[in-house]
Amino acid sequence: MADFDQELDASGLNCPLPILRAKKALAAMSSGQVLKIIATDPGSVKDFEAFATQTGNELLSSSEEGGKYVFLMKKA
Amino acid sequence: MEEKKLAIIATKGTLDWAYPPFILASTAAALGYETQIFFTFYGLQLLKKRLNLKVSPLGNPGMPMPMGMDVWFPNLALALPGMEAMMTTMMKKKMASKGVASLEDLRELCLEADVKFVACQMTVDLFDMDHSAFIDGVEYGGAATFFEFAGDSDICLYI
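Here the protein sequences line up with chains A and B, keeping their order. Mind the numbering: the first sequence is residues 1 to 76 in my numbering, read in order. Mind the numbering: the second sequence is residues 1 to 159 in my numbering, read in order.
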C-alpha cells in the first residue's frame, strides 16, 4: 500500500513553481490526505519546510534520492 | 490565524525586474497572504496583454554574460543595435532551460490565487496608455488606494 494519496512531479521546475503546484494539489485534496512531491530544485528543501510552517500542513518527511528531493506532506 | 497581508509596489518594466513582484506575490498567496500589487510608472508594462519585456546589459555591470562577453564587449559596444534583443533572447532561453516559469504563467498564477492588481491611473494617463492594452481584472486607482491596503499590511515592498 502506498503511503500517500496523490503524487506531484515537480522535477525540472524552479522556484516558486514547486510550491505553487503543491499548493494547488493540496487544495484539491481533503484534510488528512498525504501528497508526495518530487522536485529537483535544491531550494525546495528549505522552501517546503517554510511552506509547512506557515500553512499548517505537516511535512512528514523530506529526503533525497539520486538527485531528486522527495517530500511527503499531510494536508491540515 | 488571521490572514497576513503583503503589499508590493512594482515600478520596473524590464524582463529581469518583472520577476520579483510576480514570484513573491504568487508565493505569498500560496502561503495564505492576502496580496496586492500596485503597478506604477514602468511597472505598468507588466500588465500589458502582450508582454514584450526586455533585459538590457547597459548600465548593469552585475549582469553575468556567457562566453566571457563582458570581457570582449566594452560598455559602449553594448549600446549597439541588436544587443538588447540578443541579451533578451539569451536570458529567456536560459530561464526556460532552468525551469524558471514564464512571466505570463506567473502572472496567471497570481490572478488564479486572487492576487489583486492595481494600476496607477496617474501614470496610465502620463504615458497615454489605454485600459484596453491591459489584461482583464486590473483595478485603477491612486496613492490613496494603495495606502488603503498597504496601511494594514504586514509586509510592504517597493520593487
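Hints were generated in silico from the structure; no laboratory data involved. The reader is advised that the hints may include incorrect statements.
Said to hold, decoys possible - Capping the alpha-carbon separation at 25 angstroms, the derived lysine to any residue pairs in SDA-like fashion look like this:
id : chain 1 : residue 1 : chain 2 : residue 2
1  : B       : K92       : A       : G43
2  : B       : K98       : A       : K74
3  : B       : K5        : A       : T53
4  : B       : K93       : A       : A27
5  : B       : K93       : A       : L13
6  : B       : K94       : B       : E108
7  : B       : K5        : B       : A144
8  : A       : K24       : B       : E112
9  : B       : K116      : A       : A25
10 : B       : K48       : B       : K92
11 : B       : K116      : A       : K36
12 : B       : K98       : B       : A144
13 : A       : K24       : B       : G32
14 : B       : K98       : B       : L111
15 : A       : K36       : A       : K74
16 : B       : K48       : B       : D128
17 : B       : K12       : B       : M86
18 : B       : K5        : A       : K36
Exercise for the section: Take the C-alpha atoms of K98/B and K74/A, compute the straight-line distance between them, and say whether it is at most 25 angstroms. Expected result: violated (29 angstroms)
Handout entry: Given pair status - K36/A, K116/B, alpha carbons within 25 angstroms
Key = This hinted pair is violated, its Cα atoms lying about 31 angstroms apart.
Practice task
Below or equal to 25 angstroms on CA atoms is what counts here, so check K93/B against L13/A.
Solution key: holds (15 angstroms)
Handout entry: Given hint K74/A paired with K36/A - CA-CA distance at most 25 angstroms
Key = holds (9 angstroms)
Practice task
Would you check the hint for K94/B and E108/B, treating anything up to 25 angstroms between C-alpha atoms as holding?
Solution key: With Cα atoms ~21 angstroms apart, K94/B and E108/B stay inside 25 angstroms; holds.
Problem - Restraint check for K116/B with A25/A, where alpha carbons must lie at most 25 angstroms apart - result: holds (22 angstroms)
Handout entry: 25 angstroms Cα cutoff - pair K92/B, G43/A
Key = It holds: about 21 angstroms lies between the C-alpha atoms, which stays within 25 angstroms.
Exercise for the section: Decide if the proposed pair is consistent with the structure: K5/B and A144/B, CA atoms, cutoff 25 angstroms inclusive. Expected result: holds (17 angstroms)
Exercise for the section: Sort out whether G32/B lies within 25 angstroms of K24/A, counting only the CA atoms. Expected result: It holds: about 12 angstroms lies between the C-alpha atoms, which stays within 25 angstroms.
Exercise for the section: Assess, step by step, whether the Cα of K5/B is no farther than 25 angstroms from the Cα of K36/A, and give holds or violated. Expected result: violated (29 angstroms)
Practice task
Would you check the hint for K5/B and T53/A, treating anything up to 25 angstroms between C-alpha atoms as holding?
Solution key: holds (17 angstroms)
Exercise for the section: Verify the proposed pairing of K48/B with D128/B, using a straight-line Cα cut of 25 angstroms. Expected result: Status holds; Cα separation ~14 angstroms.
Of the numbered hints given earlier, the model fails hints 2, 4, 11, 12, 18; all others are met.
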